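Given the structure of chain A, go ahead and fit chain B onto it with the hints provided.
Going down the list, the protein sequences come from chains A and B. Residue numbers for the first sequence follow our numbering, so the first one is 1195 and each next one is one higher. Residue numbers for the second sequence follow our numbering, so the first one is 280 and each next one is one higher.
Calculated from the structure, these hints are not laboratory results. Hints should not be assumed to be uniformly reliable.
Subject to a maximum C-alpha distance of 25 angstroms in a straight line, what follows is the list of computed DSS-like cross-link-like pairs (lysine-lysine) [stated by the list, open to error]: (1) B:Lys-320 to A:Lys-1308; (2) A:Lys-1216 to B:Lys-293; (3) B:Lys-293 to B:Lys-343; (4) B:Lys-320 to A:Lys-1271; (5) A:Lys-1216 to A:Lys-1308; (6) A:Lys-1216 to A:Lys-1263; (7) B:Lys-299 to B:Lys-334; (8) A:Lys-1308 to A:Lys-1271; (9) A:Lys-1243 to A:Lys-1271; (10) A:Lys-1216 to A:Lys-1243; (11) B:Lys-299 to B:Lys-343; (12) A:Lys-1243 to B:Lys-320.
Since the model is a prediction, treat every value here as computed from it, not as a measurement.
Read off the chains here:
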Amino acid sequence: AQSVAQPEDQVNVAEGNPLTVKCTYSVSGNPYLFWYVQYPNRGLQFLLKYITGDNLVKGSYGFEAEFNKSQTSFHLKKPSALVSDSALYFCAVRDWNNAGNMLTFGGGTRLMVKP
Amino acid sequence: GAVVSQHPSRVICKSGTSVKIECRSLDFQATTMFWYRQFPKQSLMLMATSNEGSKATYEQGVEKDKFLINHASLTLSTLTVTSAHPEDSSFYICSASVVGGDTQYFGPGTRLTVL
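So that you can see chain B by itself, here it is in the shape it has in the complex:
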C-alpha cells in the first residue's frame, strides 16, 4: 500500500516551453502532497505544500508563478514548470500523506532537462 506515482519519469524540453509533472497516490487518498527539488548529490529542498482544493503554500524563494501547483483531487497533484530555462533542470520529487497519517510516501521522481 501507499504507492505514489509520477509521470513522466524523464522529460527533455526546449528553453521557454512549459512542462507538467503529475503526482498520483494510487491506493490511498492524500489531502496533502509535497513537491521537492533535488540537485545532484544534495538533499531534498521542499518547494511547496499542496492541499486538495486550496492554493499551494510555497517555500521562501520559490516563485509561485514559475512553478504552478494544482491539487484538484485527493489523488492527483500537478506541478507545471512554466517557461522553463536550463537552470530549472533538476530532479523533482513529490510525496503524499495519507489523511490523518504521519508518514510521507514518495514518488519515483521526474528528471527534467531543459536545453
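Isolated chain A (complex conformation):
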C-alpha cells in the first residue's frame, strides 16, 4: 500500500520569504514522488518529480524538492515566494512496483503568499 501525508492544511508566508510545504510518504518499495499545483477551478499542473538520482530536484517556477529517504519526506521549497505562488499544492507518490502508474495523493496544502 502507498500513502502520502501533507501535515499542514495551509501555509502562510510573506512575499520574498522562503517557503516550505511538507510531505511525507509511505510505500513498500522505492518511491516515485511528485508535486503538482492547482489553481482555482483548474486541473493540476506538474511541478517536479523524483524518480532516481540526485536527492534535490529542481522543477518549474523556481520550485525544488528534497528527497529524504531516512525521513521518508519530499518537502517542496522555494527560496523567495511570490504572491502568484498562492495555490493548492499536492504531493503524490507511486511505488515503482506499481506497473499501473497509479498515484496516491496527499490531502493538499493551501499556500497563501501575502504581499
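Chain B only, in chain A's frame:
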C-alpha cells in the same frame, strides 16, 4: 508538450440526464488515462483507470454502471455520468500517461452541476 484537454469545462444538467465528459491527450499517445473526482477543498479521489482497448478498472466504491468509461483510442477517453443526481455534482479531472512514462499529466477539469 504533454497537454491534456477536457470538454466541456463546465456543465449544468437536470437530475436524471446523462452527461459525457471527454478527455484528450493532444500531443502524445496515452495508453492509460485516469479519472478523478474532487470535492471542494479536498484532495483527488481516483475513480478508475482506463486502458486503451480494454475495460476500465474501477476503484472500490465507484459504481461502474453509474460512471461509464470508454477508452477507444490512444488519445481519447470518455466518462459518462448516467442518470445524474445532485450528489454527483463535483469537479471531475482526467489525467494521462505517456506510453512507458512515469508522469501523469492532468486535464483542466470539468465542473458538473446537477440540478
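So, going through the hints one by one against the coordinates:
Annotation: proposed proximity of B:Lys-320 to A:Lys-1308 holds, straight-line Cα distance about 20 angstroms (limit 25 angstroms). As the CA atoms of A:Lys-1216 and B:Lys-293 are separated by approximately 41 angstroms, the hinted pair breaks the 25 angstroms bound. The hinted pair formed by B:Lys-293 and B:Lys-343 meets the criterion: a straight-line CA distance of about 21 angstroms does not exceed 25 angstroms. Restraint check: the Cα-Cα separation between B:Lys-320 and A:Lys-1271 comes to about 22 angstroms, which is no more than 25 angstroms; the hinted pair holds.
Proximity of A:Lys-1216 to A:Lys-1308 is assessed by CA-CA distance (about 19 angstroms); at most 25 angstroms being required, the pair is judged to hold. Among the hinted pairs, A:Lys-1216 with A:Lys-1263 is consistent with the structure: their alpha-carbon atoms are about 14 angstroms apart, no more than 25 angstroms. Taken as a hint, the B:Lys-299 and B:Lys-334 pair is honoured in the structure, with Cα atoms around 17 angstroms apart against an allowance of 25 angstroms. The straight-line distance between the Cα atoms of A:Lys-1308 and A:Lys-1271 is roughly 17 angstroms, inside the 25 angstroms bound, and the hint therefore holds.
At roughly 13 angstroms between alpha-carbon atoms, A:Lys-1243 and A:Lys-1271 fall within 25 angstroms of each other, so this suggested pair holds. Annotation: proposed proximity of A:Lys-1216 to A:Lys-1243 holds, straight-line Cα distance about 15 angstroms (limit 25 angstroms). For the given pair, B:Lys-299 sits about 14 angstroms from B:Lys-343 by alpha-carbon distance, which is consistent with the 25 angstroms threshold. Taking the CA atoms of A:Lys-1243 and B:Lys-320, the gap is about 24 angstroms. The hint holds against a cut of 25 angstroms.
Hint 2 alone, counting from the list given before, is not met by this structure.
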